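**Student:** Same order as they appear, the protein sequences are chains D and X. Counted the way the numbering used here counts, the first sequence spans residues 1408 to 1831. Counted the way the numbering used here counts, the second sequence spans residues 3 to 161.
One or more of the hints may lead you astray.
Said to hold, decoys possible - Pair ranges (Cβ atoms, derived): (1) X:Gln75 with D:Arg1758: 47 to 53 angstroms; (2) D:Glu1675 with X:Glu64: 48 to 54 angstroms; (3) D:Glu1712 with X:Gln75: 53 to 59 angstroms; (4) D:Trp1753 with X:Asp10: 37 to 43 angstroms; (5) X:Glu64 with D:Asp1779: 36 to 42 angstroms.
As the list claims (entries may be wrong) - Examples of chain D residues toward chain X, derived with CB under 10 angstroms: (6) Thr1497; (7) Ala1574; (8) His1655; (9) Cys1661; (10) Gly1718; (11) Arg1744; (12) Asn1792; (13) Phe1796.
Honestly, the hints are just simulated from the structure, not real lab data. In this text, all values refer to a predicted model and were calculated from it rather than measured experimentally. All C-beta atoms in this analysis are idealised placements derived from N, C-alpha and C, irrespective of residue type, glycine included.
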Amino acid sequence: MSYPQILFKNRRPGETVFLDGYRKSGGYQGLAKALKTMTPAEVRELVKASGLRGRGGAGFPTGLKWSFFPADTPGEKYLVCNGDEMEPGTYKDRVLLGADPHQLVEGMIISAYALQVPVGYIFIRFAYETCRANLERSIAEAKAAGFLGPDILGSGFSFELHVHGSAGRYICGEETALLNGLEGKRPNPRSKPPFPAVRGLFDKPTTVNNVETLANVQHIVTGGADWFQGLAATEKGAGTKLYGLSGHLEKTPCLELPLGTSVREIIEVHGGGVWKGRKFKACLPGGASTPYLNAAHLDTPLDFEGPEVVGSRLGTAGVTVFDETTCMVRATLNLNRFFARESCGWCTPCRDGLPYVSWLLEKIESGAGTIDDIENLRGQIRNINGRSFCALAMGAMGPVESLLRLFEEEVLDHIKQGGCPFQP
Amino acid sequence: MTELLTQDQIDTFITRAVALAHPREMVIDVLRAIQDQNGWLPDEGVELAARILGIPVIQVEEVATFYDKLYRQPVGRKVIHVCDSICCWSRGGEELYGWLQEQLGIAPGGTTVDGAFTLLPTCCLGACGEAPAMMIGFTTYGDLTPEKVETILEQERKT
Ligand SMILES: Cc1cc2nc3c(=O)[nH]c(=O)nc-3n(C[C@H](O)[C@H](O)[C@H](O)COP(=O)(O)O)c2cc1C
Ligand code: SF4
Ligand code: FES
């Protein structure tokens, strides 16, 4: 099955496309079209009409986010690209920036024009040095070609773009923590409100968007809103989506598919089926913070609505599959240890609650758990959800909540048998 | 200890800092440069960064103690970060981590006797499709097996 390749049009194994190749494939035509034939407000309207939703995990409609931004008020303002990508199971931005980095640069210039922002930053995680180098080279090439810097293509619009290399820590992907990190402060999250659109980087209005979100913008400008909506597999969806496959599959590629492709198609067709001829047990549909889906959910379309209907989220669309031999208590323990270690320590429900959840899961896994521990876990979910300072701890509760909802029998078996049923 | 930064590097950073409205935004760049030069980030490095940026030492320290890829203790010539997140876990990451500890004769956090490697865990490296994965220096290696890791270690020891 082959689908239209938009973001991965120029992707070749082991290769990175730079300015020449990018222009040959139509690159920077969207920029020329936007700057020469559209007003900033028209670009914003177009993005709104396209139905583009944020690809960073929360799925917020991009046009709506941009409508809160004081684009028409002159002054210091910022556009920030979130390239922290540290949620386990998520690696789409790395593949995108490894294949065709100019897409992000062009998308950011058009977005900056739409929002009338003079300065942008790309925040890149420590482990992505290659992506950072690709971006730095692309920025230099774009500058030399007159696509970046003062008076771009004679339009009077000027934009400068910087790359910030980080030094680890998942919390830096939370947009307000990221802003603190960019400022050189300790990256604990900030309170919202004020939202970044009002007071963001250096206390100035700021829009934060994901790599994949921004990389879609010039394609929307060239192709139009109707074309973009038509790319999705579902009525409500718009655009393609980069799905990153991982876990117990025969093949684990990162693929561009119509938004709303079903879990079943992703696993059976694109992932080559569950590995070793085993049966499917569960998957995380969109990264470590999304509640599990089980075998009853295989026909769920992976757009923004589909997973919500069955108690989960699209998240980052990193699909991690578990086969029938997986102990879901151990899988959940692994996930929870990640969140506990990456907690920034700012608020008590997360700093103290997550290690306690790990302790409870360990106790159950080791066979020392009691029925009360299940109630304790439920109590922790109630205590943490809605009470943590940022969404990290709430995300951590996704797998725990769905463990108890979908795999309660298995948890009970650990308690009844006084040990893990999967460890002979 | 070698010098924390060359005079050239210090001058370049100061020139950049002076031109910025918020020099503090450079702090990670400066700390990473010191670590690149020195292997790790000693207190003297934190103080030097504060002097370069013209900000109080505590403002550098609060950053230096936050990030897990800034090493506040001496490390080996190279740091091996083994991914212990879910996708790698699902494809033998734990076993690989155990095997590496045996092979190198060190526990997590330890440094080999020849000073070549320090072994540390890391969360997801964004190589989930090539699990299990690890990072040595800035290089990410995926689809690891003990045989493959043996070859990689041999090469990394030489460079
Ligand atoms: C703990 C945490 C980590 C996050 N990490 C990322 C990330 O690595 N990349 C990203 O784009 N968004 C991440 N987000 C979501 C951002 O806060 C923000 O919603 C997103 O960058 C907005 O971009 P979008 O609207 O284009 O999706 C994270 C959120 C939380 C709570
Ligand atoms: S929820 Fe966790 S990561 Fe978020 S502010 Fe609280 S301690 Fe920090
Ligand atoms: S989980 Fe190991 S690289 Fe993503």
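**Student:** Could you tell me which of the hints above the structure violates, numbers in ascending order?
**Tutor:** 1, 3, 10, 12, 13
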